[in-house]
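S.K.: Just so you know, my numbering puts 355 at position 355 of the sequence shown, and the rest follows in order with no gaps.
Hints listed in this document are in silico derivations from the structure and should not be mistaken for laboratory results.
Among the hints, a few may not be true.
Stated by the list, open to error - SDA-like cross-link-like pairs, simulated, lysine to any residue; straight-line CA separation at most 20 Å: (1) Lys101 x Ile203; (2) Lys436 x Phe418; (3) Lys81 x Thr270; (4) Lys217 x Pro172; (5) Lys193 x Gly317; (6) Lys197 x Leu187; (7) Lys279 x Arg78; (8) Lys81 x Lys280; (9) Lys193 x Ile203; (10) Lys20 x Val329; (11) Lys339 x Ile223; (12) Lys101 x Leu240; (13) Lys81 x Ile276; (14) Lys197 x Thr362; (15) Lys273 x Gly317; (16) Lys279 x Pro172; (17) Lys197 x Lys217; (18) Lys280 x Leu17; (19) Lys280 x Phe135; (20) Lys217 x Ala48; (21) Lys101 x Gly317; (22) Lys197 x Pro180; (23) Lys81 x Ser269; (24) Lys217 x Ala55; (25) Lys373 x Thr270; (26) Lys339 x Leu231; (27) Lys101 x Lys339; (28) Lys101 x Pro180; (29) Lys193 x Val207; (30) Lys197 x Ile179; (31) Lys217 x Pro180; (32) Lys217 x Lys280; (33) Lys20 x Lys273; (34) Lys436 x Arg379; (35) Lys81 x Glu19; (36) Lys373 x Ile271; (37) Lys273 x Leu17; (38) Lys193 x Leu28.
Only a predicted model underlies this, so the values are computations on that prediction, with no experimental measurement involved.
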Amino acid sequence: MAEITPKTDEQQIIVELEEKLPPLKNFLYGLQHVFVSNVWLDPIFVAAMIGLPFALSANLVNSIFIAAGLVTLLQAARFVKLPIVQGPSAAFDSIMIAAGKANGLAAASGAILMSALIVFILSITGLLGRLKMLFTPVISGTVIFLVGISLSGFTLSEFLGGAPGDEGFASPAVLMMSIPTACIVLLLSIFGKGYLKSFSFLIALVVGDIIAIFLGKADYSMIAEKPWFGLPTFLPYGGLEFEWTTFITFFVAYIVAVIEAMGVYQASSTILKTEIDAKKIRNGFAGESAGSMLSSLIGGFPTTAYAQNVGLLRLTGVGSRYPVMIAGVIFLILGFVPKAGALLALTPSPVVGGIFLPAAATLIFTGISLLAKVEQNDRNYMIIGLSILLAISLPSFATGLTGAAGTFLSNTILIGAFSSIILQLLFVNIPNWFRKGTEK
Numbered sequence: 001m002a003e004i005t006p007k008t009d010e011q012q013i014i015v016e017l018e019e020k021l022p023p024l025k026n027f028l029y030g031l032q033h034v035f036v037s038n039v040w041l042d043p044i045f046v047a048a049m050i051g052l053p054f055a056l057s058a059n060l061v062n063s064i065f066i067a068a069g070l071v072t073l074l075q076a077a078r079f080v081k082l083p084i085v086q087g088p089s090a091a092f093d094s095i096m097i098a099a100g101k102a103n104g105l106a107a108a109s110g111a112i113l114m115s116a117l118i119v120f121i122l123s124i125t126g127l128l129g130r131l132k133m134l135f136t137p138v139i140s141g142t143v144i145f146l147v148g149i150s151l152s153g154f155t156l157s158e159f160l161g162g163a164p165g166d167e168g169f170a171s172p173a174v175l176m177m178s179i180p181t182a183c184i185v186l187l188l189s190i191f192g193k194g195y196l197k198s199f200s201f202l203i204a205l206v207v208g209d210i211i212a213i214f215l216g217k218a219d220y221s222m223i224a225e226k227p228w229f230g231l232p233t234f235l236p237y238g239g240l241e242f243e244w245t246t247f248i249t250f251f252v253a254y255i256v257a258v259i260e261a262m263g264v265y266q267a268s269s270t271i272l273k274t275e276i277d278a279k280k281i282r283n284g285f286a287g288e289s290a291g292s293m294l295s296s297l298i299g300g301f302p303t304t305a306y307a308q309n310v311g312l313l314r315l316t317g318v319g320s321r322y323p324v325m326i327a328g329v330i331f332l333i334l335g336f337v338p339k340a341g342a343l344l345a346l347t348p349s350p351v352v353g354g355i356f357l358p359a360a361a362t363l364i365f366t367g368i369s370l371l372a373k374v375e376q377n378d379r380n381y382m383i384i385g386l387s388i389l390l391a392i393s394l395p396s397f398a399t400g401l402t403g404a405a406g407t408f409l410s411n412t413i414l415i416g417a418f419s420s421i422i423l424q425l426l427f428v429n430i431p432n433w434f435r436k437g438t439e440k
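Construct the complete structure from the given sequences, taking the supplied hints into account.
M.R.: Here is the structure:
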């Protein structure tokens, strides 16, 4: 009997990093990256949870497209030179929603701008690269796992049409939109082949919107009011404001986004069997922070490297960075077409919930996969276990708290990231420093 050898990364990647494809294939693979990235879902979700007016919701979507497109294009072409797609970081979803409900989006924009500026300075000076303790699989795996967990509550709220007691909660009309949408994503992602599998989210979005139209739950007549071409509004929430409590919360979230991005950089370089040196990391974070500064000025929020697009490298075997450049151009085009932003902003909440449900589950599994690869010892087990325990349990005790403490203790991702970093220092880094000092 012939021996069966498992596929390696080299066997899976059939189009190498620097390989150029024919224009049509470049476009199709780039379009695929656009669909898989789901860049529009986060802004739609945040806008729906805040209850933003239609004009601001559409502007938010277009702003995210522009920021994600510009950074994606520059990252793949000049900075990191890896097939990495940018998109809005889930680490900001809950705090953007909290800021919006408190009429604090102007302060949120100011906090994002200041946080991105600090990270930009740390990047170009090389100081950020020295914070290696932030980029361990223990911390990045814990954070990505908790991103998925934190999205679950928001996702089910959208999926079920609110909370118990709300009008329309779990009504037949809501479930007729959310359940088929989620089922299409699940069935095509698990059993689909080729384009059906790759485009499962897009297909589900279209089908969900069609169901909503037939049920009379979607009104697309307002799209006619939007022009085909236009620019996003500069400072749409008013002049920038600065509040220390808001800034601290967003800055911690930004560091969490940096940890997420570093995990994506490492995963992409591992799949492609290429080295990612300190210069590329420095350039990558500088590019991301510059894009986030731009995003804050036109009403968006920070973007970071998307993990699901790294999974697409294995799925298609196409590791070339040129289709990703095409994806960046497509994002930019969509960002300057207000009708596209308006169309996506009008997607009903149950449809968004149906798409997000399997997406959140995928993030949870990605985090578990990273954690399964860490060194198995008591210190790592305790760091991971305590961080997840605190992140999941503390928010339930923070009900009623206000100010910075309330914002921090109600955010699962921030608690998990902060806890894992502190525990990493206490259990690993500081003991190692003492051990090296005694050996001298």
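S.K.: With reference to the structure, classify each hint as holding or not holding.
M.R.: To see whether the hints hold, each was checked on the structure:
1. Lys101 x Ile203: Distance ~32 Å between lysine 101 and isoleucine 203 Cα, so the pair is violated.
2. Lys436 x Phe418: violated, 26 Å
3. Lys81 x Thr270: holds, 14 Å
4. Lys217 x Pro172: Holds, at roughly 12 Å.
5. Lys193 x Gly317: holds, 14 Å
6. Lys197 x Leu187: Between lysine 197 and leucine 187 the Cα gap is close to 9 Å, so the pair holds against 20 Å.
7. Lys279 x Arg78: Holds. Lysine 279 to arginine 78 sits at ~12 Å (cutoff 20 Å).
8. Lys81 x Lys280: holds, 8 Å
9. Lys193 x Ile203: At roughly 13 Å apart (the allowed maximum being 20 Å), isoleucine 203 and lysine 193 satisfy the hint.
10. Lys20 x Val329: Distance ~17 Å between lysine 20 and valine 329 Cα, so the pair holds.
11. Lys339 x Ile223: holds, 6 Å
12. Lys101 x Leu240: holds, 17 Å
13. Lys81 x Ile276: Since the Cα atoms of lysine 81 and isoleucine 276 sit roughly 9 Å apart, the hinted pair holds (cutoff 20 Å).
14. Lys197 x Thr362: Holds, because 14 Å separates the two Cα atoms, which is no more than 20 Å.
15. Lys273 x Gly317: Answer holds: lysine 273 to glycine 317 is near 13 Å, not above 20 Å.
16. Lys279 x Pro172: Between lysine 279 and proline 172 the Cα gap is close to 54 Å, so the pair fails against 20 Å, i.e. violated.
17. Lys197 x Lys217: Violated. Lysine 197 to lysine 217 sits at ~28 Å, over the 20 Å cutoff.
18. Lys280 x Leu17: holds, 15 Å
19. Lys280 x Phe135: Distance of about 15 Å is within 20 Å: holds.
20. Lys217 x Ala48: Measuring from Cα to Cα gives roughly 14 Å; hence the hint holds.
21. Lys101 x Gly317: Violated, because 43 Å separates the two Cα atoms, which is more than 20 Å.
22. Lys197 x Pro180: holds, 16 Å
23. Lys81 x Ser269: holds, 10 Å
24. Lys217 x Ala55: holds, 19 Å
25. Lys373 x Thr270: holds, 14 Å
26. Lys339 x Leu231: holds, 12 Å
27. Lys101 x Lys339: violated, 26 Å
28. Lys101 x Pro180: Roughly 30 Å separates the two Cα atoms, so the pair is violated.
29. Lys193 x Val207: holds, 18 Å
30. Lys197 x Ile179: holds, 18 Å
31. Lys217 x Pro180: holds, 15 Å
32. Lys217 x Lys280: Roughly 47 Å separates the two Cα atoms, so the pair is violated.
33. Lys20 x Lys273: Measuring from Cα to Cα gives roughly 18 Å; hence the hint holds.
34. Lys436 x Arg379: Within the cut-off at roughly 18 Å; holds.
35. Lys81 x Glu19: holds, 12 Å
36. Lys373 x Ile271: holds, 15 Å
37. Lys273 x Leu17: Status holds; Cα separation ~10 Å.
38. Lys193 x Leu28: holds, 16 Å
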